[in-house]
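Construct the complete structure from the given sequences, taking the supplied hints into account.
In case you want the letters, here they are:
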Amino acid sequence: MPHDVTSWFISQANRKTQSDIVRKFLIGNSDYGQYVTRWPKWSHRYDEIKPKQIAVTLANEDGVLNFIRETPTYLNTVCKFQFGYTHPTSGDELITLHEGKMLGVSYRDGACTIKLSDRFKQLSERVVGDRETPVDYTGSDYLLTDIAWWLCTSHGGLSAVQSTSNPDIDYETFTGWADQLSSSDNVLAQAYFEGDKVTQALRRIARMSDSAIYLRDNKIAFSRFTIINSFISSLDNSNVLKADIDIRDSDIANRVFVSGRYDVTSDQFAMTVFDEVTESVNSYGLRERLEEDKTVWYVNSVSALNFAQRVTTVRKEPHDHINARTTIANAVRQIGEMATYVDSWLGIDDTFRVMGVDIDLDAGAVALMLNKSQLFNAFTLDVSTLDGPDVLA
Amino acid sequence: MSYTLFVDSSNGVTFNPEFDFTRRDRKIENRHRVRSGEEYRYKWGEYARFSMTVKYLNSADAAVVNSWWATNTDLLFQEDGSGQVFSVHLVNNDLPIGRQSLPYDNQFFGKIELETY
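So the sequences go chain by chain: S and G.
Here numbering that gives the first Met the number 0 is used: the first residue of the first sequence is 0, the next is one more, and so on.
Here numbering that gives the first Met the number 0 is used: the first residue of the second sequence is 0, the next is one more, and so on.
Rather than coming from a laboratory, the hints here were simulated on the basis of the structure.
Quick caveat: nothing in here was measured; it's all calculated off a predicted structure.
Just to be clear, a hint being listed does not mean it is correct.
[To be verified] Among chain S residues calculated to face chain G with C-beta under 7 Å, some are:
1) Ser18
2) Thr132
3) Ala362
4) Ala366
In this text, a Cβ means the ideal position worked out from N, Cα and C, and glycines have one as well.
In C-alpha cells:
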C-alpha cells in the first residue's frame, strides 16, 4: 500500500506547477529544513538487505548545527526527511520518505554534512552464533518465519512486540508473510548459524523462500508477493519523464533443484527435489539452478518443492524490468504496490509490481523499478508431483 | 531615482545609481518535461538580486558601505518613496566602493551587488 495520504495530498502532488512544496529535515523533533543546501537522494529495493548511508549538507555559517559536535550523544538521534503540503485549514500533511539514525557529522567551510544510516545498520552489526558456540536450530523443525523473527529480535536486538505498535518491525507485513509461509504452505526449516551477520542470515532466508525483506516506513517489512493488490497507480506519458526497459536472459530458471535435510555433522544434504516447467524449456532451452544452503535449509520435500515451484513460476520466462523516472507525485509509492505502465511505442499496457523506489528530493523526481516477476494468480502447491520423478531422495 | 541602503533609520546611505541599475531575481526550481510534452515545475524558492554602479559617494558613506561588506551586516534596501523594503546582503566578491570618482579626490565610486536572504 502507498503512504497513507488524503485525496487532497494526491491532488496537490499531481499539479503541474507547484511552489508550495514543504520539505522538512527533522533532527529529533526539530526541523532544520531551511538550512539544507542540497537534499539527498536514496533508494529502496525489495531484495537489498543491507544498511544504506545517505548524507545531507546544511548551511552552518551561523553555527546553528554546532550543538551536535558539542553534545556527541546527538549522534544516536533519529532524523527524518518529510515531504508534503500545507492544507489551508488542517495544516501540514506530510509523509516521511526516509528515516535514519545519525552516523556522523562533519564541518567544513561553513557547511555541516550529516550522515545517516537506516534500520538495517543495527542488524549488520550483530552476529548470530560463532564457530565455538553456534546458534543451532536443528533440534526440531521450525517455521521459517519464526527463524526470521528470532534473527531480528533475539539476535538483532529489534523490538519483539507482537503487534502493530512494534517500532522496528512492520508487524502487519510480517504476519501476512508468516500466514503465507506457515498456515498456507506450512514451510518448515532448520538452521545452523556460526557467525553470520543478522543481515546475511536474513538474506539467506529471503533467497531460500523467494521473499522480499525491505524497509517500509523505516521498519523491517516482509512479503512474498503474489496476487494483484486492489490499489493500482498509473504510469504513462503524462507522468513519466523517462523510462528504460531491460529483458535479461539470466533471469530464466526452468529446472530448479532444491536440496534439503542438511546434516551439519556429515556435511551432506539428504534430499533434493526439483521442479521443471516444460513450456519454458521448450521455448528457451534448459536453464538449471541449484538452491542449497548449509545455513538455512528445508526439512521435508513438501517445503522444498514449494520453494522450487515458486522459483520456476517466477523465473520460467524473462520479464520486463522497467526503470521509470516520474514526477514527485509518485513519492507516495512503496515497494510491493501495483502500477499499470503504458508505453504506446513499445506496445506495453500492463500491470507491474513496484520492486524499488528511488527518490531525489532535491530535484523532485522519483524513479520506480517495476517488473512482473512476482505478480500472478493465487499460488498453490502442486502436490500431485510429490510421488513422481521430482523427488530425488 | 534614489535608493537607501540601511541598517536602521539612523544608519543609512542614500545614493542615485547609474543607468546600469539591474534587478535580476532568481528562482530555485526544477522543471521536468514528461514524454507527452507537458511540463511539471517545482519551485522551491526565489530571491531578489540587484546590481548597480554608484558614483560620487562621499568618503564617509563609502567607508560605511565597505564596513558593512566586511562584516556581512544584515541590511535593508529600499527605493525612496516605495513601501517595499528588501532584506539584503552585500554579495560583492571584492570591496564594493574602492575607486575615486575623477576628478574628485573625495568622491568614490564602485559597484554594489545585493541579494535578498
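Which earlier hints turn out false for this structure, listed by number in ascending order?
-> 2, 4
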